[in-house]
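Colleague: So the chains spell out like this:
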Amino acid sequence: MRIPCPYCGSRDASEFAYSGDATLPRPAPGNADAMFDYVYLRDNPAGVHREYWYHAAGCHAWLKVTRNVSTHEVIDAVLAHDEATL
Amino acid sequence: MRYSLTSLFRQTLTGHKGWTPQWRDAAPKAEYDIVIVGGGGHGLATAYYLAKEYGLRNIAVLEKSWIGSGNIGRNTTIIRSNYLLSENISLYELSLKLWEGLEQDFNYNAMVSQRGVLNLYHSDGQRDAYARRGNMMRLNGADSELLDRDGVRKLYPFLNFDAARFPIQGGLLQKRGGTVRHDAVAWGYARAASDRGVDVIQNCEVTGIDIVDGRAVGVQTSRGVIRAKKIGLAVAGSSSRVAALAGMRLPIESHVLQAFVSEGLKPIIPGVITFGAGHFYISQSDKGGLVFGGDIDGYNSYAQRGNLPVVEDVCEGGMALMPAIGRARMLRNWGGLVDMSMDGSPIIDRTHVKGLYLNAGWCYGGFKATPGSGLVFAHLLAKDEPHPAANRLLLDRFRSGHIVDEKGQGAQPNLH
Amino acid sequence: MSTSYRLASGGLIDRSRPVSFTFDGKTYGGYAGDTLASALLANDMMLVGRSFKYHRPRGIFSAGPEEPNALVTLRSGARAEPNTKATTVELFDGLDASSQNCWPSPHFDLRAVHQLAGPLLNAGFYYKTFMWPAAFWEKFYEPAIRASAGLGALSALDDPDTYEKAHAFCDLLVIGAGPAGLAAALSAGRAGARVILAEEDFVLGGRLLSDTTQIDDVSAASWAAVAEAELAMMPHVRILKRTAVFGAYDGEYGAIERVSDHLPVPPPFMPRQRLWKIVAKQCVLAAGAQERPLVFPGNDRPGIMLASALRTYANRFGVSPGQRIAIFTTSDDGWRSASDLQKAGAEIAVVIDARAEVAPDVRKLAGNALQFLGAHVSDTSGYRRLTNITITDSAGQTRSVAVDTLGVSGGWSPSIGIATHLGGKGNWSEEKSAFLCSDMPPGMQIAGAAAAQWTLADALEHGALAGAKAASHVGLGLQTQKPIVASDEASGNNPVWLFKGSRRKAFVDLQNDVTATDVALAAQEGFRSVEQLKRYTTLGMATDQGKTSNVNGLAILAGEIKKTIAETGATRARPPHVPVAIGAFAGLHTARHFKPTRLTASHAASAAANTTFVEAGQWMRAQWFNAPGETDWLQSVTREVKAVRSGVGICDVSTLGKIALCGSDVGTFLDRVYINTFSTLPVGKVRYGVMLREDGFVMDDGTTARLSTDHYVMTTTTVNAGKVMQHLEYCHQVLWPELDVQMVSVTEQWAQYAVAGPKSRDLLRALLGDAFDVSNEAFPYLACGEFHVGNIPLRLFRVSFSGELAYEIAAPAGHGESLFNALMQAGKAFDVTPYGTEALSVMRIEKGHVAGSELNGQTVARDLGLGRMMSVKKDYIGRTMAAREALIDPDQPTLVGLRPVDRSQRLRNGALLFARGVTPAPDTNAGFITSTAFSPGHNHWIGLGLLARGPERHGEIIRAWDPVRSGDYELEVIDPVFIDAEGARLRA
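Protein chains in written order, with my numbering: chain A, 1 to 86; chain B, 1001 to 1416; chain C, 2001 to 2988.
Excised from the complex, chain A in its bound form:
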C-alpha cells in the first residue's frame, strides 16, 4: 500500500506504524464509561475507515488516513495535527 504523506509524498505503508480507528475523540478525564468505549470498542466497518498511521520511518507525523479496508484503496491522508487544531 502507498500512503500519500502530506510531508513526504507517496510512501510505502511499511514505513508507517498503524494505530487503528481515528474517529474516536479522547473523552474527558474521569468518564469511565466513555473511556472504556474509547479504549476498547470499535465500529470495525468493512468499507471506508478513518485511521491513524504514524510515519515512523519518515517525518514522524501522525496521519489520519481514509482507506477502504475491503479493497485497501487509500483515499486520502491528512495531518492529524491539522485536524486536531481545527
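Quick caveat, the hints were computed from the structure, so don't treat them as lab data.
Certain hints may be false.
[What the hints assert, rightly or not] Just so you have them, the derived chain B footprint on chain C, three or more residues with Cβ under 8 Å: (1) 2046-2056; (2) 2074-2081; (3) 2142-2151; (4) 2528-2539; (5) 2823-2834; (6) 2880-2894; (7) 2922-2932.
[Stated by the list, open to error] Estimated spans, in silico, between C-beta atoms of each pair: (8) C59/A with T2668/C: 20 to 28 Å; (9) P2268/C with C59/A: 33 to 41 Å; (10) Q2635/C with G1141/B: 49 to 57 Å; (11) T2668/C with Y7/A: 23 to 31 Å; (12) E1205/B with D2217/C: 57 to 65 Å.
No experiment lies behind these values; they were computed from the predicted model shown.
For glycine and all other residues, C-beta sits at the position ideal for the given N, C-alpha and C.
Keeping the supplied structure of chain A fixed, place chains B and C upon it in accordance with the hints.
Modeller: Just chains B and C, lined up with the frame of chain A:
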C-alpha cells in the same frame, strides 16, 4: 456410511458408486431451537457438540458461502496449548485433548499429527518467559519441556546455530502439539453433525437479527426468515459486522493474516518450529509443502489478502532461522480475515440481547481451538452458563479490567 | 544417443554454440538457446519423471511455465534446486540436472506399485481410513504417507547464493513481451512513457518465437527482435528479461528476475535472483494464454503433449519431439500445430478433431495427414512412451494408430491470474470459451491472448492501443501509430471437457494425479463448490498451480452437478503467479544480516577488552568483561559488582532511549504523560517517572532531566525507545496540539556512560577538573547539568541504577569513544572496572529497581510498588482505566524480594510461587519469580517476584515451583530492596 478400511475396500470393488454426500446440503426450515451463524470450524463443531454432548437435534448452521470457506481452510494447521495464562491454557488444553480423540469420535481422518511444537528462544529474557510459560502449562495439565541449545540441535540440526544474528539458545517444546489437515476438520464436523440431524445450510447469508423485547427470536437471511430460540455467532473476522446487526460494538478489529505454502518437498521438518527473534513459524505437510507464516499485516482489513512487506518479513525470518530453505519456492500465499480482540484472547459469552451468544476474538489462534471452542460454546448455548474451561473469557472483562493479555500489549489489536 | 530428434535446420537456437549438460549423471549435448526440456527432447529423453501419487511415468508435456510433469532437481549439493521445470530452464554449459520422485530411475521406479492400489487411492481416500487404532497414525500410517511426500528434496544445506531487492517506479509496467506486450511497450515508449517491460523468458517474443506467422512482411521472430532493438534504444524503457511478474499487490507489483540462473554459479558480487518491487502508474497485462489439454482415458503417457508445445519445439528449438505424431484437438489451433510440424519436417500421422465440422481452409492445414472429424481418442497404450492411440470415429468405430507422440489442443485459457490478485474475478465467456477478467484493478489493462484476443493481428492491435492509452493516462499525448500488419489465423474452438473411452484413468491434474473420476466422486460426495473440489481432490494445487488443469477440472465438475461453467465459477488465483524462491523474498536479510546491528560508541574499546556481548534489541551491549583467569560468567559478573560497590565502575548505557523535549509547555505535557508530576521539576534536576498506556497498565519508566527552562531530556528503556517516541508524538499531535512542545529522538546522538560506585566522584573530579563542580553540595543526588570540556558539550546526571553514588555522563556520539577512553584513563588511579549488563542487572535487583521482566505490560504501577507515585491532582494518560476493579485489586501479585531458605539454592526466573503447603494448581498460584541474581554482597541468590498480597507477606516462607527445570524449593518473602534501604549511598 461409516468410514473404515472395510468400507473403503468394499467401495473400491464397486467403483465407489456407494459414497453419499458427506453432509446433507439442507434447505432452511422455518424454525430451529438453535441457529449457529457461521459454517466454519467453530460453528460446525458447536453444532456437533450440541447434538452429541447436549442431546439437541433441532439445530441449523448457516453459512453465507460454502462450509469451510473461511479461516478453517486458510490457516497453518497448527494445534498446541502452549499459552502463558491459565485462562487460555485451560481452553486450548481442553481443545488439544479433544483433538487427540477427534478422529475416532467423529469418524473422519483429519490427520491429527502430534509431532511437536517448538518455540525457540534467543535470549535469557525469552528463556525466562518460556520457563514461566512452561511452568504455567504444567500447572494447567499441559505438557512442556524447556530445551537448551543442544536439545534443539538434536531435533533440528539444520537450523542456523552458528551464523545467526540472534543465536538460538534453546526452546520450549510441547510434544503433544502438532498439525491437523485443516479442511478435513470442517468436513468431518459437518458430516458428523449432519448425521446427528443438524441442518448444514450453505449459501445462506444472515442479513439481520430479529430482536423482540430484548430477546433474539430469529435471523433474516438471503434464504428467508429463520426463527430461532437461541442464536450463536461464530463468524470470526465478520464478528463486528454480524454483531452490529444486533446493535453491538465489539472490542474487536478485523485484520489480515497471511499464510504460505511451498512446493512439495521430501520431508525435512518433522514438527512445528517457531522462530523467537522474528515473525516466522513453519511446519511441513504430509504432502511435502512447507507451511509457514508470520505476523499479521497490521492494519484493519476485510480483503482476505495481504501485501509484500509482510511476505518479505516472514521470509527474512525463515532465512535467518534456516538458510536451507532459500531455494525452496513459495507456491501460494493467501490471507485470512482474523478477529483481533483488544487483549488477544477470545470472547465466548452471552450478550446484552437475550438468546444471542457470541464466540469471537480468536485472533490468529482460532484453528487450534476448534474442538474446544465448539464444546464450550455448545455448553454456553445449551446451559446458558459458561463452560468451566472458558469462564474467564467473558465480554465484561474489558470493563472490569480482568483482561487476558498474553503478550502485555494492551488494547492495540495489531500488536497481539 | 546423439541428437536424433533435432531437426536438420530451423529454430532460434544457436547451432554454432553447442553446450553439454548432464541428466541423471549422463552427458548430453544441446545448443545455446535451448531449454533443458528442448535439449532433452532432442536427445530422445521424453520420460523424465514420475507423478506424485501413482508414480506413473510422465514425459515433458509443455514448453513453458505451465509444465506439470518435467520437474527436475537442477544442480546439486547446496545449490540443488528441486522441482525445477525443465521447460523453463535455460540450457548452459555444464548444467547438471537429475530426475526426482522416482527410484532408482524414471524408467524403473519401485514406487510404481502405488498404481496397483490405484482404485483404492482415489480422491480423499485418506479421510476415510487410517483411524484405528488411534496411536497408529503418528507411528505407522503417517510415516508411510510422509515417505511418499513431496517431489524433489532440499539439500538441507545453507543456500550459498545471495538475493537482492530492487525498487522501481515507472509510468507503465508491461507484463509479458509477446506480441501484445511488445506492441504496448512500443506505443507507450514512443509516446515518451517510462516503461518497464518484464518477460519471464530469456528471449522476448512470446508466441512470436514459436509461430511461423509474418508481421510487417518479416517473420514473427524477426519482428520481435526489431521491436526489442527499438525499445532497447529508448532511454526511458527498461527491459527486464528472465523476469516474471508474480503478483499484483496494493500499490506495487512483485517481480522476480533470475539474474544468474542461466549460469553455472552466480558471477562474483552478483545475486542469484533479484526481487523487484515495482510501483507503476499503469499496467498492461499481456501474459498470453495457456493451451488446455484434453481429458480422455490414458491421456498421461509420455509422448502426449500440448500441441502448441510441439509447435514450439519445432519452430523455436528445431526439435521434433516424435517420429510419428498425431494431433487431437477441439480447436483450429491444433491444425495450425499440425501444419507447422509438417513444415518443419515431422510426420503427422493423423489429426482427430472432436468437432464434426471444421472449415475447409483449416483442414487444409493438415496437408496429407489422415483426418477424423467428430472423433476422439478413446484409449492409448505404451508404458514408458506412447505407442498407440485408439480413435473412436464419428460413427463409433474404433481403430488403433501407431504413433509415438500425440499433441492435444483443447483451446486456450487466458493468463489472467495477476489481474485477479487484487480482487478481480474471472468470468466465463461462452463466446471465447475462456475465463476473462472483469473488475480490472485500477490502472491495469489486459491485452492480447490474456484478453482472449486470439489472433496475432488482434493481439498486436490491442496491445498497441493499450500502450497508447496508458501513455495518455499519465499525461502523454495519444500518438497515431502505424498499424502493424500481421498474417491471418484461424482461432475457432468448441471445447469438449471429457471424452469417454476405455476404463483407463483420464487425468485432469497430471502432477497431483487427479482424474475425472476423482472430480466426479467429489461431486457425488457433496463437494460442489470449486474451492471445495480443489481442497478435497488437490486439483490444481501442485507446483504448476493448476495452469493446465483448473479449467478442465471445474468444467467437469460443472457437468457433474448440472450447472454451467459460469455458475460453477473459478477458484481465486493467489500470488505468486509463478513459484518464487523463499530466499528471494528475504534478500540480503538472512542469517547474521537478518536485522541491522547497532553498536555503541564504546564497542571497539570494549571488544578489545575481551568482552562478551549480548543482543539488546538490535544493539550489541557488553554483557560482561572477561578478566584474565576467569572461566565462568558468574566469576566475571561478581567481580564487576564488587568493584562497583567498593570502588568505581563504568557501564555504557547509551542504548537507553533519549528524547529531547523543548518548548514552554513541556512541564504540562509531561504531567499528562507521566503518572507523577513534572511541572514542578526545577532546572538542573532529574526526576524518575512512570508512564501508563491508556488502558492503565505500565508502559515504560525512566528519568527526565530539565536542562534549562524549556529544554528537557527524557530517557526510556532500551526496548521501548521507539514505542515511547511514537506515543509522545501521538499525545502531542493528536491529543494536545495546542501545547508548545517539540520533540526529537536523540538516542543515537548521545553516548552515555554510568559512572558508579563510592569512588565515582573522585573519578569525575579527576577527569573534569575545574570544568564542572561535582561536589555533593554543588551537584547533589538527582542533579543534572550541561557544560563544555574544550569545545565538546557534555551532560552530567546524578542518577543511580546500582544504588551507589553514581552519575551518568553523556557526550555527542562522535565523541563517545573518546569519552569512554578518557573515563577509563582517569579511572586508572581508582582501579576503575568496566561492567556489563549482567552486573548492571545484579545491582538493580539488589536495589529493588524494576526492569523489563517486571515492566512486562501486564503490571500496573501498584504491582511494582509504585502506586504512590500516581498523582491524584491531575489527569494523565491511563488514569481513568487504571481505576478499574481488577487494576486496584489488592490480591494482584505485587513486587516482593525473595531469598532462598536454603541459602545454597539457586533461584530461577519464571518459577511459580505458592503458599507453603498448597498443591500447585491454577487457582492456588500466587505469582512468579521475575528476576534473579547472585548477590555478591549477600553471597547467595536473591530474587524479585510478583506475589499476591506481597507487601503483607514479608517474612512468610513460600514455595517456588519450577517443574520445567525440576525445581521445588522454599523462599522467604522480604522487602525488595536488598541494600541500603534508606538510600544513604545514593546521596553520599
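Colleague: Enumerate the violated hints, using their earlier numbering and listing them in ascending order.
Modeller: 1, 5 and 10
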